[in-house]
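Colleague: Here's the letter readout for the chains.
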Amino acid sequence: MGVIEEVFSIDLPVGEQFRIQRCRYTPQSGETKKRISIVSGIHGDELEGQYVCFLLGEWLRSNPEKIKATIDIYPAINSLGIDSITRSVPFYDVDLNRIFPGSKNDFLPAQIADGVVSAMSGSEIAIDIHSSNVFLREIPQVRIAKSQADTLVPLANKLNIDFVWVHDAVTVLESTFAHAMNTLGTKTLVVEMGVGMRLSKAYGHQLLDGILNLMACEGFLDIAPLEVRMPIQSEVGEVAYLNASCPGLFVPAIEHCQMIQKGEIVGEIVDPLSGQTLDEVIAPIGGILFTLRAYPIVYEGSLVGRIFGENG
Amino acid sequence: MKRIEILNFKSPNRAPLKVEGFIFGEESAGTSIAFIGSMSGDHINQLYVASGLVDYLRQKEEEGKITGKILVIPAINTYALNMGETFWPLDKTDINMMFPGYAQGETTQRIAAKLFESLQGYDYGVILEGRRDQGMCLPYVKLIQSGYEDIDSARDLGMRFIHFRPYSPIETVMLQYNWQLWGTKACSVVFGKNGTIDRVSSSEVHGALVRLMSKRGILDISAFEGYASNIIEPDDITVLKAQCAGIFDSLVGCGVAVQKGEVLGRITDALSGEKLENITAPIDGVVTCQYANPLIFQNSIAFRIASAISKR
Numbered sequence: 001m002g003v004i005e006e007v008f009s010i011d012l013p014v015g016e017q018f019r020i021q022r023c024r025y026t027p028q029s030g031e032t033k034k035r036i037s038i039v040s041g042i043h044g045d046e047l048e049g050q051y052v053c054f055l056l057g058e059w060l061r062s063n064p065e066k067i068k069a070t071i072d073i074y075p076a077i078n079s080l081g082i083d084s085i086t087r088s089v090p091f092y093d094v095d096l097n098r099i100f101p102g103s104k105n106d107f108l109p110a111q112i113a114d115g116v117v118s119a120m121s122g123s124e125i126a127i128d129i130h131s132s133n134v135f136l137r138e139i140p141q142v143r144i145a146k147s148q149a150d151t152l153v154p155l156a157n158k159l160n161i162d163f164v165w166v167h168d169a170v171t172v173l174e175s176t177f178a179h180a181m182n183t184l185g186t187k188t189l190v191v192e193m194g195v196g197m198r199l200s201k202a203y204g205h206q207l208l209d210g211i212l213n214l215m216a217c218e219g220f221l222d223i224a225p226l227e228v229r230m231p232i233q234s235e236v237g238e239v240a241y242l243n244a245s246c247p248g249l250f251v252p253a254i255e256h257c258q259m260i261q262k263g264e265i266v267g268e269i270v271d272p273l274s275g276q277t278l279d280e281v282i283a284p285i286g287g288i289l290f291t292l293r294a295y296p297i298v299y300e301g302s303l304v305g306r307i308f309g310e311n312g
Numbered sequence: 001m002k003r004i005e006i007l008n009f010k011s012p013n014r015a016p017l018k019v020e021g022f023i024f025g026e027e028s029a030g031t032s033i034a035f036i037g038s039m040s041g042d043h044i045n046q047l048y049v050a051s052g053l054v055d056y057l058r059q060k061e062e063e064g065k066i067t068g069k070i071l072v073i074p075a076i077n078t079y080a081l082n083m084g085e086t087f088w089p090l091d092k093t094d095i096n097m098m099f100p101g102y103a104q105g106e107t108t109q110r111i112a113a114k115l116f117e118s119l120q121g122y123d124y125g126v127i128l129e130g131r132r133d134q135g136m137c138l139p140y141v142k143l144i145q146s147g148y149e150d151i152d153s154a155r156d157l158g159m160r161f162i163h164f165r166p167y168s169p170i171e172t173v174m175l176q177y178n179w180q181l182w183g184t185k186a187c188s189v190v191f192g193k194n195g196t197i198d199r200v201s202s203s204e205v206h207g208a209l210v211r212l213m214s215k216r217g218i219l220d221i222s223a224f225e226g227y228a229s230n231i232i233e234p235d236d237i238t239v240l241k242a243q244c245a246g247i248f249d250s251l252v253g254c255g256v257a258v259q260k261g262e263v264l265g266r267i268t269d270a271l272s273g274e275k276l277e278n279i280t281a282p283i284d285g286v287v288t289c290q291y292a293n294p295l296i297f298q299n300s301i302a303f304r305i306a307s308a309i310s311k312r
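Chains as they are written, first to last, in the working numbering: chain A, 1 to 312; chain B, 1 to 312.
Warning: the hint list may mix true and false statements.
Here are the simulated DSS-like pairs of lysine-lysine, each with C-alpha atoms no more than 25 Å apart in a straight line [as the list claims (entries may be wrong)]: (1) B/Lys65 to B/Lys260; (2) B/Lys18 to B/Lys114; (3) A/Lys68 to A/Lys33; (4) B/Lys241 to A/Lys104; (5) B/Lys260 to A/Lys104; (6) B/Lys2 to B/Lys65; (7) B/Lys2 to B/Lys215; (8) A/Lys104 to B/Lys142; (9) A/Lys104 to A/Lys187.
Restraint ranges, calculated between C-beta atoms of paired labels, are given here [what the hints assert, rightly or not]: (10) B/Pro282 to A/Val236: 56 to 64 Å; (11) A/Ser9 to B/Gln259: 30 to 38 Å; (12) A/Cys246 to B/Glu26: 31 to 39 Å; (13) A/Ile297 to B/Ser28: 21 to 29 Å; (14) B/Gly147 to A/Asp168: 19 to 27 Å; (15) B/Gly84 to A/Ile4: 34 to 42 Å.
Among the chain A residues that face chain B by a calculated CB cut under 8 Å, a handful are [what the hints assert, rightly or not]: (16) Asp11; (17) Pro13; (18) Asn105.
Worth flagging that the hints you see were computed from the coordinates, not collected in a lab. Backbone N, C-alpha and C fix where the C-beta goes; we use that ideal spot for every residue, glycine too.
Produce the entire structure from the sequences given, and follow the hints as far as they go.
Modeller: Right under this line is the structure:
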């Protein structure tokens, strides 16, 4: 049975506390300093990680004898946001994942970030589970900055995900939880999957298998490694972005996560007022449609999909 | 005066987003300056100062006093202003986190790109900024150390304080940083409380903008001297945090000189009315910022006091 602990608490103005809780599982016997943190809910509108946390907790409760190290589960970092369908930190309207590592001497969101880092520092590995936002649906993937690729790609390959996306370093991403933790020496993987405000059960179970496999391989669980899928590696191909050319209602022509040929129609942008079809979104390359718009209203520039195509 | 359209962006159902600029002295070969007003929907004070500046410059143009080229863009995110939102109403992204913009990217990246394109080539640039927290402040100049900053022109504003500091990662996607990198001597003037109009601060900022244009030969008028600006570095700021949450009652205004031991504010329990805390000044100095909401969170920053610590 895990122990529920409060790792951060701040009084709210009227008879309530903002709090971050974790459930800690430890070996039945012996002491360990080895620790892994499973994190979700930095964005309050991303709920896929909550389900993974539940599934993992359920598994650990059923298999306490398999636990070889400390396993911390943090389902709800932005707890105010999760309980109010709010992506950012309510009241402040600040994206928590843009103010890490935070500070004790700054406003509330920065103090929350500081509290999160303090609670998790010392973990050997952290897995930060995000959904996409409410606009896009994503296949299970891990995103890694190029500078971290050597360390993190081998770990990501154990997570039973579909895609590992290694991207160029972007300075603004230095304000993320993952960057802060990687800088402190905690190998931190960012998982993106599903869509905001919804659950994708199958993805949850897929990632659970991956987390169990990673924990088996890295010595956190006394179980045999699971058979997991080898993710597609972004470095063997290219990502094409599909942005809306005009405003309207985006109506997809194919399902998410399908293979698509160059020149095929991904969807149409239509005008409900005039009844006209304004544009067809055409696949610029062949490959897998790993991102597809879930929220149909688009402006010019709105992302409607991404295709990954292998070179050659 | 010439009223120009900086960008016209269609919406699925709303009337198009029109961003307008006002140009004065277009034919002048003299020094040029651009002013940016409200980029967020809650930066009402910034809109007020910018539109007031347009009216002022129209009069000065009729009097033949304009000797340089001036662009004023009072409002960027009119969609947010018109519906009480802070950020881009659909995806809640902050236009001032999208610079230098990307013409092929997402909606707010495209808006930023188009805006940034219109701002190229100006000698000086001033961004009227609101706060990014729940505070209010004495008007001050924010000048980040991009390596291309120009402190002399910032001094010509004649404001009491210039906050001169290194940039944080998220500021690399903000306008001031990018404008500086592209060769404009850009700074921000931060003032007021979001969502409100403070006429005293607005008047002070208006005076500072006119002073800068006068000193830089853009306006042929005599302006009163302002302050010999104090350069404030991060170490000069003392942060006073609320130990308790509750109802916050400030006893001082921004800009007030306070003495060590002076009571600056009180916090009472929001339900029982019990007096929980007096917030006292730990140092002599000037209150530059204070919390501006009647309900305060535990550990929130209640006051910031500037003292000449780094000068000692």
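Colleague: Which of the stated hints cannot be reconciled with the structure, identified by number in ascending sequence?
Modeller: 1, 13
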